[in-house]
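Start from the sequences and build out the full structure, keeping to the hints where you can.
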Amino acid sequence: MRRLLVICALVAVGLAGTALARRPATDAERSAMASAIGFPPACVTAFVSTVDADWGKVAPTNASGCPMADGFSVVQNKAGTWSEAWAGSDYGACPIDGVPTRVARDLRACRKARAYILCLPRGTSFRKPRAHPRRCTTLGPHDSFAQAMNLTRLRWRGWGRRVARGSGIERGFHLPYSHVRVRLKAYRRRRACGPNGNDYLYTRLRGTSRFGTTVVRFPHDCAD
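Heads up: the sequence shown begins at 1 in this note's numbering, then just goes up one per residue.
Hints in this document: simulated from the structure, not taken from any laboratory. Some hints here could point you the wrong way.
[Claimed, not checked] Here are the computed lysine-lysine pairs in the BS3-like style, where the Cα-Cα straight-line distance is at most 25 angstroms: (1) Lys-78 / Lys-128; (2) Lys-112 / Lys-128; (3) Lys-185 / Lys-112.
Here it is, written out as structure tokens:
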């Protein structure tokens, strides 16, 4: 019995230290929120923000017999009437138009912005955004080998900040591969990536080794 009481006390402490998050909507709230996006109440899941109860999130269930749709809607209660404030088909970085960021995060309608750099995956012709990569070939569709780097064993400090610094190995592009230690600086961070364009892209990467310095210039729109 004493052991059970100790366990219950620990659980209570854990819950007390946990920040509140969105809550499921009541049946009445779900009905009103569903009406705001033109769906039957039984065909949506709905949540209400615990940061501000005048905001909610509605998503279609896509269950049998229900309207089919992608994404979700953020709805707002004004003077007792729910209306759609924002709709999206993907979960992107904050902020989102017309919704307070604290509310949007509470509703899981957006997330903290990420930082990327463009790397060329094996067997492809176009670079893709990568976050905190351990290896990265920067060769773009119009770059010569002299304008690019073939990097591996990457280690980064401050990734996501305005300037990230790192180190790694430059292998070059000719067999047998080289093994040159290189110091790196990723900078000129711009908002460019992700579903709503609110993630960051480092548009410059400078590599310095005993052979000199290479500066890679990436496009600003997170795509080749």
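Going down the list of hints, with the structure as the test:
Between the alpha carbons of Lys-78 and Lys-128 the distance comes to roughly 42 angstroms, so the proposed pair goes past 25 angstroms and is violated. Proposed proximity of Lys-112 and Lys-128 is supported: the alpha carbons are some 20 angstroms apart, at most 25 angstroms. With a C-alpha separation of about 23 angstroms, the suggested pair Lys-185 and Lys-112 falls inside the 25 angstroms cut-off, and the hint holds.
In summary, the one numbered hint that this structure violates is 1.
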